[in-house]
Amino acid sequence: MKGALIINIAKALLLARWRQTLVAAIGVMFSITMFITLLGFMTGLNDMLDGLIVNRTPHVRLFRDVKANEQQAIRLFSNDEYHFIQSIRPGMSSQVVDNAPAIIRSLEKDKRVLGVSPKVTAQVFYNVGTIDLTGVINGINVEAEEKLFHFDEYVPMGRALDLKTVPNSIILGKAAAEKMQVEIGENIQVTTSLGERYTLKVVGYFQSGIQDIDKVQSYCSIATTQKLIGKPASYITDINVKLYDILLAPALAKEYHSVYETDAEDIQSANAQFETGSDVRSIISYAVGITLLIVAGFGIYNILNMMIYEKMDSIAILKATGFSGTDVKNIFRTIALSIGLFGGSFGLLFGFLVSKFVDNIPFITPALPTIKTFPVNYNPKYYFIGITFSLITTYLAGLFPSRKASKIDPVIIIRGK
Amino acid sequence: MSKRILEAQSISKSFHDPVTIPILKNLTFSIDQGEFVSVTGKSGCGKSTLLYILSTMDTDYEGDLFIDGVSMKNKSEKELARVRNEKIGFVFQFHYLLNEFSVLENVMLPGIKLGRYSRMETEDRAMQKLKILGIHEQALKRPNQLSGGQKQRVAIARALINDPLIVMGDEPTGNLDKKNSEVVFDIFKELTESFNQTLLVVTHDNEFAARTHRIIEMEDGQIISA
Ligand SMILES: Nc1ncnc2c1ncn2[C@@H]1O[C@H](COP(=O)(O)OP(=O)(O)O)[C@@H](O)[C@H]1O
Ligand SMILES: [Mg+2]
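In the order they appear, the protein sequences are chains X and E. At position 31 of the first sequence (counting the first as 1) the number is 434 in this note's numbering, and the numbers step up by one without a gap. At position 97 of the second sequence (counting the first as 1) the number is 110 in this note's numbering, and the numbers step up by one without a gap.
Heads up, some of the hints might be wrong.
Going by beta-carbon spacing under 8 Å, a handful of chain X positions derived as facing chain E [said to hold, decoys possible]:
1. A415
2. E713
3. S717
4. A719
5. K722
6. G725
7. F726
8. G728
9. T729
10. I811
11. P813
12. V814
Here are the simulated DSS-like cross-link-like pairs (lysine-lysine), alpha carbons at most 30 Å apart as the crow flies [stated by the list, open to error]:
13. K86(E) / K55(E)
14. K810(X) / K38(E)
15. K630(X) / K567(X)
16. K414(X) / K38(E)
17. K86(E) / K810(X)
18. K775(X) / K550(X)
If you are wondering where the hints come from, they were derived from the structure by calculation, not from laboratory data. We put the CB at the ideal spot given by N, CA and C, even for glycine.
Given only the sequences and the hints, what does the whole structure look like? Please build it.
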């Protein structure tokens, strides 16, 4: 009953000044629209860029780095002095993960691990007429790569699974293929680091979107790659692990490092710079949205002040006939909040519509083969933050004017007449 | 003996702007149920100031004020608002109607605020009050569509909506012509005679005052005859 009365009076005052109210509400609407659109677009972009990295990057990578031997012989003799002699060089077979098959079996049993994909890399030359191009052939388990790292998304032409079924087949980097002018189904020649020549059949192109990678990287099955470099089936250079929870990666990398006695790198330390980029984009979106809201807030503040100035008489008579200061305060707070609520709600709606529009703008770039339109994130979180912000801003904008209204002394107003 | 509605006990008030000027000096008097009292005196002698104190809107005074036997000193702003809502009706020189609401709604507002009756009942009662004042035909109009005399009658209806113990008026006919003043006076007269309504009306119209039950005459912030 009481609340309804306050709302009724607030409504009457609002409608009496509906033009100004509308302008204030449009201000709020505009800022929320911008806020939703910006955040949706920016986080869409973030997700896409993160996706480019995260989809393709193992959460933990086990490998054996080439580095100086930690146990230099002279240190065994005396560890106290400074030694100028660093005699023992990195060993020949140091890039191989020791005991890989056993590690893979053990990882596959680990409950925190989503999947394991072993890899063998081999340096080769692609022979193009008389010229040799440097290349790297990655021997992969196609099914595991597809399941864990969306390998097929980066094979725009040809079939990724043919790597497994067609003997001696290769998926060639798109840029390399263009240089070599080979079509799918044709053969290419490669020279291995051991000096031997092999003929491989092209079954598809690989396109990551990064030219420097596409010029060099190609993919074969693990067995084919091992054959190219004359190594046994246990020869594995990388074990790529995908976890259920990406946040566990740093801890697990440490654990695997000590348990399996290999080098282990987690995705967070490998890609620290991407986090920073994402954060900066989010901060910019929030800053723009909040700035616009503050501007809208001042608009509401002005309207309320004007309304109070115009409605002094009404406020005085309400107080004279039994409305308390709190009642008057609530009337003006209701006005402020309803401007925020209406403006905010329409802002969400328009924000959604503009996001939909942006989502449909074609965005075709050879660098990003899987992206057809601008990426937009529709996370309800941003809509929730948007409406909360608009209510908080309008509440704050209404705070001082409504307090002022509640303090109006009816005697002064009535005496003035 | 009839019930004591209002009692002023040595009420004094000064303004401090910039020097202290005493406006009301030790006023003591009381008003009983059903009385029609007028307050007269020269312009500037403190009549309005007194009425604002008696109506609880002005709390900055010395002395004590009893309404319905209860002291108004040391009551909170909220409690005083409640007293005004429930026990006091006001009519000012200016009508103070809200143009955003219809005539009927203007009369209803203090009634809905009090919440003693349902909205429907409040509406019926507001209509009755408008009938007493002979303006029920204007009920659905906006206040700005009415004449000055009609507006003042709506303001009186609004003052009556919660059946107040006392209706106070500060020069309620001050803005009206002779004919409309007469109408308003007749209404007051009828309210006391037919409804035993207690009335306290400030006026500088001696003719008006002469026809009330009792005249409180003021001069320089003092009562010279009651
Ligand atoms: N806020 C104020 N500050 C100083 N003096 C005031 C103030 N309000 C009224 N007065 C003075 O108080 C006196 C009484 O005023 P008022 O009660 O309005 O007189 P009346 O209603 O009898 O004409 C006047 O002399 C007026 O100038
Ligand atoms: Mg006066």
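Each hint, compared with the structure:
1. For A415(X), the interface hint holds, the least distance from its beta-carbon to any beta-carbon of chain E being 4 Å, beneath 8 Å.
2. With 8 Å as the threshold, the beta carbon of E713(X) stays out of range of chain E, its nearest partner Cβ sitting at about 11 Å, so the hint is violated.
3. About 5 Å separates the beta-carbon of S717(X) from the nearest beta-carbon of chain E, less than 8 Å, and the hint is met.
4. Taken as an interface hint, A719(X) checks out: its beta carbon lies about 7 Å from the nearest beta carbon of chain E, inside 8 Å.
5. Annotation: interface hint on K722(X) holds; nearest CB of chain E at approximately 7 Å, less than 8 Å.
6. Interface hint at G725(X): satisfied, since its Cβ lies 2 Å from the closest Cβ of chain E, which is below the 8 Å cut-off.
7. With a least beta-carbon distance of about 6 Å to chain E, the hint placing F726(X) at the interface is held under the 8 Å criterion.
8. Using the Cβ-Cβ criterion of 8 Å, the hint placing G728(X) at the interface with chain E is satisfied: the shortest such distance is roughly 6 Å.
9. Interface restraint check: T729(X) against chain E, minimum CB-CB distance 7 Å, threshold 8 Å, status holds.
10. This hint is violated: I811(X) has a C-beta 11 Å from the nearest C-beta of chain E, more than the 8 Å allowed.
11. For P813(X), the suggested interface contact is upheld, since its CB lies about 5 Å from the closest CB of chain E, less than 8 Å.
12. Interface hint status for V814(X): upheld, as the beta-carbon distance to the closest one in chain E is roughly 5 Å, under 8 Å.
13. Note on K86(E) and K55(E): the hinted pairing holds, with a Cα-Cα distance of about 29 Å set against a maximum of 30 Å.
14. As the CA atoms of K810(X) and K38(E) are separated by approximately 28 Å, the hinted pair is consistent with the 30 Å bound.
15. Among the hinted pairs, K630(X) with K567(X) is consistent with the structure: their alpha-carbon atoms are about 14 Å apart, no more than 30 Å.
16. Proximity of K414(X) to K38(E) is assessed by CA-CA distance (about 45 Å); at most 30 Å being required, the pair is judged violated.
17. Among the hinted pairs, K86(E) with K810(X) is consistent with the structure: their alpha-carbon atoms are about 20 Å apart, no more than 30 Å.
18. Only pairs whose Cα atoms come within 30 Å are accepted, and K775(X) paired with K550(X) is accepted, the gap being roughly 22 Å.
Checked against the numbered hints given earlier, the structure breaks hints 2, 10, 16 and satisfies all the rest.
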